[in-house]
Structure formats: structure tokens, C-alpha cells
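Participant: Now for the letters of each chain:
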Amino acid sequence: MKPIDPNSRASSGRIPVAPDTSSSRPSSGRIPVAPDTSGRPSSGRIPVAQEAPGLRTDAGASGGHATPVRSSEPRILARGPGTRLAARPLDVVRLIFGEAPVEPSVVSITSRAHDDVLEYTHAFVAAYAKRRFLSRAVEPLSLAAYELLSNALGYASISSQVVLQLHESPVGVAVRVTNDTGPARIDMLCAQLDRLGKSAEATFVDEVRRSVSGGGGRPALGLARVVHEAKVGLEVYVVANQVTVIGRVNS
Amino acid sequence: MTDIAAIEIPRVEGLGIELILPATIKLTGMITKNGTNPDLAGFFRTVHGDAISRGLREVFVDVSRLTFVNSSAIRLFIDWASWIKNDKAPPYILRFVTSRRFTWQQTAFAALTSLMKDVLVVERVD
Chain A
1 MKPIDPNSRA SSGRIPVAPD TSSSRPSSGR IPVAPDTSGR PSSGRIPVAQ EAPGLRTDAG
61 ASGGHATPVR SSEPRILARG PGTRLAARPL DVVRLIFGEA PVEPSVVSIT SRAHDDVLEY
121 THAFVAAYAK RRFLSRAVEP LSLAAYELLS NALGYASISS QVVLQLHESP VGVAVRVTND
181 TGPARIDMLC AQLDRLGKSA EATFVDEVRR SVSGGGGRPA LGLARVVHEA KVGLEVYVVA
241 NQVTVIGRVN S
Chain B
252 MTDIAAIEIP RVEGLGIELI LPATIKLTGM ITKNGTNPDL AGFFRTVHGD AISRGLREVF
312 VDVSRLTFVN SSAIRLFIDW ASWIKNDKAP PYILRFVTSR RFTWQQTAFA ALTSLMKDVL
372 VVERVD
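Chains A and B, in that order, are what the protein sequence lines are. Note that the numbering used here numbers the first sequence so that position 12 is 12, with each residue one more than the last. Numbering-wise, the numbering used here comes out as the position in the second sequence, counting from 1, plus 251.
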């Protein structure tokens, strides 16, 4: 199937749905996981992340130049003096400075960042999930797709594209959302992930409490729902101003 | 004084809204569309005012067949409970009828109840 021109998709007014042909890799039959941590030389150079304004890498915190962050070394960055929290493999949220893994997707939806795409995409994902997976996977996948896409649409740069993809494996399905955004959003995302990494439930309750009190600021209730309610672990990859969020659901 | 049966029901795609006398609102389907919240918020506000004017002791909100809501919709429920809580003397109890089949109902109302248990009660139908 030939690739679809993103511009023609946007102008057609339709949400294109097509099997992803961008990867020439054969499907491995397993859910793609975080980049290899074996320490072996990887198949090619691991992408070097640019340090986002407002964020600090370990190197930056120590006063040195920012050094390439291997994508095999996931880490959660926190603001404030020094950085911390070397992520563990089972962390529920991981922020990784590097490119997201190349994964063969079964569904790829690309659209301009516009709210209208949200409900239709969600309806498609929900219907797709009902046909493809056991019932226990439908609700988490549906929620993760909605909230991750909603976040991306809410914070994506104007006129940028947002891509939602689904990746299947024998053990589950992953939803992956990519968008361009600004450094302030990346900064805020770091803070939100840091809170979620400490306690998803506490963050969820805090977000509800903040709504009760009419608290200001941009809320993170959607992300908190994905982690706490849907029990979906998140991996977030940042390269320059592009953010990719991957949520994995066992089916 | 309005009558609950006379309250205008907003049209929200994917969402069924039913008013059942004397004091029940039944919501079915999904709330997914961004931008519909002002309509729903206005509707809830009207029901809230009606409940106060009629001196109701309880208002039932049956969400047991509301399969999916976005975060904005959860905030609407939070707002409604807050209107009651912020009153000097909470005028009525908001009683949510839920189902254990939907995770969002368990997590959202558990958190909400922990914060506003004096104005909110959660029941299960299954």
C-alpha cells in the first residue's frame, strides 16, 4: 500500500486510516519494548536528543555540556537543583530523551492538530478494540487513546500534525501518539510525569482535588487517568520539540 | 419554580439524557466531544437550581450505563458536587448510581467521595 501524503489527508477532511507502511521491518510478533538495555552495541547509532529549553540533563546539571542521552537509558527528569530518578524498567512512567523505537503499526492516523479529530478517532479506536481484543483491554485502550490524543491536540504546535498509531503483539497492544510541541509543554510534561511516577493514585486524587478547589494551571487529570484508572504504563520520548507518548495495554 | 420535567435537555452527540420524576437524571452512552461541556454544565446547573427550589433532599444521577467519559466530563460532576458543598447548608445530597463494570466510575467517584463525602453518595447497581 502506498504511503499517503499527509497534506492530502489534511485537505480531504477525512481521517485517513491505513496500515503503516513506513517501516520495512517485518513484525517481530512482540510488543515493542523500551530500547535495549543490554549494553550491546545497538543496530545503529542511538539518536541524540537535543536538550529542551527549560530542562536539564544530568550533564547540564553538573555544569558540563549536555551529552548525548542514550535511549537505552531511560530517565525521569525532575526540575530543581540537580536531576534525579534514574528510571527502573518497571516504572509506570518513563521520560526518555531520544527517539521512540521504530515499531510496525497496524493502524496509523495522521491529522492536523484540531479538536474535531478527537471523537472520531476515539470512536474508531474503541470499535477497533472491541473487534480485536478481549473486553478487559477495550476500556484501557479506549481511554489511553482518547486522553493521549486529547493531550497531543491540546498542546501541539499550531498547524503541526498529530499521529496516532496502534501496535499489536501477541500479548497486548500499544497506542502511540506523536506531536510537535513547545519547550514549555515539555517542561510541564516532565513535572507531570514525575508526579505520576511517584504515585499515580495520589496524583489522580490531587487532580480531582484541584478541580474541586477550582485550582488554576493546566490540569493533568487525563494523564493521571491513563496511568491510575487504565493501569497503562507510559513511555515518553523527546527529541527536540517532538514528543512521542507510548502506552501499553495487555490484552 | 421549574419542574424537572420542564427542564430543557441539551443534545449531546453520543449521550442519552433522561429526566425521571421526581429527582433522577439518567445518563447513558458516552461523553467524548470537546466543546459540549458548557451545554452540559448549564443543564446540571439548571437541575441544581430546580432541586433547591423544590426543596429536594436528594438528586439521583444514574451513570451506570455511561460507558465512557472524558476528563472534562468528570470535572462537570466535580463542579456539581462543589456547588452543593460550597453552599452554607448543603441543600441536598447528590447520589450517583454507578456500575462496577466501568473502571472510570470506580476511580472517579472513589476520589470524589473521599473529598466530598458530606454531599455525595455513591451507589452500585451491580
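Worth flagging that the hints you see were computed from the coordinates, not collected in a lab. Certain hints may be false.
Stated by the list, open to error - Restraint ranges, calculated between C-beta atoms of paired labels, are given here:
| no. | chain 1 | residue 1 | chain 2 | residue 2 | range |
| --- | --- | --- | --- | --- | --- |
| 1 | B | E374 | A | E201 | 19 to 29 Å |
| 2 | A | D115 | B | R316 | 23 to 33 Å |
| 3 | A | A184 | B | S304 | 37 to 47 Å |
| 4 | A | N250 | B | L272 | 29 to 39 Å |
Said to hold, decoys possible - Within a straight-line C-alpha distance of at most 30 Å, the following computed DSSO-like cross-link-like pairs (lysine-lysine) qualify:
| no. | chain 1 | residue 1 | chain 2 | residue 2 |
| --- | --- | --- | --- | --- |
| 5 | B | K277 | B | K336 |
| 6 | B | K277 | B | K368 |
| 7 | A | K130 | B | K336 |
| 8 | A | K198 | B | K277 |
| 9 | B | K277 | A | K231 |
| 10 | B | K339 | A | K231 |
Virtual Cβ for every residue (Gly too), placed ideally from N, Cα, C.
Participant: Indicate, hint by hint, whether the structure satisfies it.
Facilitator: Results for each hint:
Distance hint check: the CB atoms of E374/B and E201/A are about 23 Å apart, consistent with the given range 19 to 29 Å. Against the hinted window of 23 to 33 Å, the Cβ-Cβ separation of D115/A and R316/B comes to about 26 Å, which satisfies the hint. For the hinted restraint 37 to 47 Å between A184/A and S304/B, the CB-CB distance of approximately 45 Å keeps it satisfied. Range check, N250/A to L272/B: Cβ separation about 45 Å, and the 29 to 39 Å hint is violated.
Simply put, K277/B and K336/B have alpha-carbon atoms about 22 Å apart, close enough for the 30 Å limit, and the pair holds. This hinted pair checks out: K277/B and K368/B have alpha carbons roughly 21 Å apart, not beyond 30 Å. For the hint pairing K130/A with K336/B, the CA-to-CA distance comes to about 39 Å; that exceeds 30 Å, so the pair is violated. Between K198/A and K277/B the alpha-carbon distance is near 37 Å, which puts this suggested pair outside the 30 Å criterion.
With a C-alpha separation of about 28 Å, the suggested pair K277/B and K231/A falls inside the 30 Å cut-off, and the hint holds. For the hint pairing K339/B with K231/A, the CA-to-CA distance comes to about 38 Å; that exceeds 30 Å, so the pair is violated.
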